[in-house]
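Chemist: Next come the chains, spelled out residue by residue.
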Amino acid sequence: MALPATRLDRLTGPITEAGRCLQFLFRMLAGIRLSGPQILTVLQQTYLIGARSLVIIMICGFFVGMVLSLQAINALEQFGASDQVSLLVGKSLFRELGPVLTALLFAGRAGTSVTAEIGLMKATNQLEAMELMAIDPVQRIALPRFAAGVISVPLLTAMFSAMAILGSVVFAIGVIGLDAGIFWSKLQTGVYFEKDFLGGIWKSVVFGGTISLIAVYFGYSARPTGAGVGTATTNTVVLSSVLILIFDFIMTSFLT
Amino acid sequence: MATRDGTSPNPDTPVVRIRDLVFRRGDRTILDGVNIDIPKGGIVAFMGPSGVGKTTILRLISGQLRPDSGTVEINGHLISSMSDRELHHFRRNIGVLLQDGALFTDLTVFENIATPVREHTDLPEALVRRLVMSKLNAVGLGGIEYRMPHELSGGMARRVAFARAVVLDPDIMLYDEPMTGLDPIAVSTIRTLMRETNDALGQTSVVVSHNVTQVRQFADYCYIIASGRIAGEGNPEELAASIEPRVDQFMNGKVEGPIPFHYEPPGAPWGLLD
Ligand SMILES: Nc1ncnc2c1ncn2[C@@H]1O[C@H](COP(=O)(O)OP(=O)(O)OP(=O)(O)O)[C@@H](O)[C@H]1O
Ligand SMILES: [Mg+2]
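These protein sequence lines map, in sequence, to chains A and B.
Be aware that the first sequence starts at 1, since it is given in the numbering used here, and climbs by one per residue.
Be aware that the second sequence starts at 1, since it is given in the numbering used here, and climbs by one per residue.
Check before you lean on any hint, since a few could be wrong.
Stated by the list, open to error - One side only, chain B facing chain A, incomplete, derived with CB under 7 Å:
| hint | residue |
| --- | --- |
| 1 | His-88 |
| 2 | Arg-91 |
| 3 | Arg-92 |
| 4 | Ala-102 |
| 5 | Ala-241 |
To be clear, the hints were calculated from the coordinates, so they are not data collected in a lab.
Backbone N, C-alpha and C fix where the C-beta goes; we use that ideal spot for every residue, glycine too.
Kindly generate the complete structure, drawing on both the sequences and the hints.
Modeler: Structural data, given as structure tokens:
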């Protein structure tokens, strides 16, 4: 009613929402049983949302690798250092581009479908029906999708990076004609498994968790209407993309 | 199951006891001082005009909604103030057929009905199958177990939902309009099934229905809800003969009477049609 109240709401609204989201996370974590059927559903969801994102991730990875090499060679040529291309591509890929781009693609490809799916189940009273059967929908529906996201994103990130290296090989060695031996030895000696590769994988675990939490939470709390599910789906992409980039900066500045 | 011990020592105590129930949505009072007793073993029908709050009462009994004041007790347990965890536990003894069926759209008919069985029992697969098929045959739909819900007609979907709701033979069944949209043969099938399972298993059933003729055929007792209150109660024959104006109007489908046919927005005087 009064203006100050709405202003306060603007401030407290997102905080309350974030609190609810965390509460939702704990509800999910409390539902972990590691039982046979539960592991089976997680695997099934990993296939549905992870494996089905594979093709798009691979294609994008390949072209990102090519364009990275192209730009790197353009720049390095000026210093006569174009044989350093694999080092540049490798470092930027494993540390930043692999995790971030995979996460952004995953948010668009899988995050949205999870939100829409759960939102639709809510709109058609399926979640209610479950609750009435004394089946906890948070445990049965949300948790496996969340877990599948946390598992999938690091794996997809590794796949993305592998395809990008392949793209780089195709461009640098195949098209430009750089020496293959130098390309690989620079990559081997200059890019560190623990610091560069694992550092990126850790990021991707956080990204996977962030996207999946947002996706299941927004689906679960969507207004049970067509428009409500639509809004929730959009919000999933927008919020998870923004958070990925913010978290990326925070993690990069603390981890390195 | 754990809560079967909840059956009260005194057999006359109602299974469901509702006292002075008040429920509001925003500033609209949907239910205003409702008292209901549902005895063990009976089939009790709720009737009333559309939008009066019949589904709302079922939701209050199943604990999905909490009353603004008043109490809902099942077997002496206060549903209206249970924690979510207790409720979750309690619901294993309650079967609910939602008004729109709410089948799981990504599971086959078979898996839909098998879901509660798998969740709450450790039966071997062969027994699960036998149980599911027997329920599916009972609703007259043997042979469609591998279809997906979107491949069913509305009436078929309702019958599958019915089979899913009763598959674990719960102590208390809540049916929200179980026979709407069914052909006469399916209606008698469902009606017989409700009566038979209710009597064979000593269940207690609550049925929301609009259909006065049908209610007279299956219900032991009947509540008519109008304008947020119980307008009349009694066995169907008594009600049909009642001279209480709202009961008479509803039972005999009269347009003119104290129950307004048109929905009136909040604030509008309820006596407008008088
Ligand atoms: N989620 C909701 N938010 C706000 N109002 C609601 C909501 N659900 C129901 N209502 C209102 O509560 C009242 C009672 O609804 P309810 O679904 O219990 O009616 P009903 O008696 O089951 O009707 P019908 O016979 O048409 O199914 C209606 O007037 C409806 O407008
Ligand atoms: Mg209703």
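Chemist: Determine which of the earlier numbered hints do not hold for this structure and return their numbers in increasing order.
Modeler: 5
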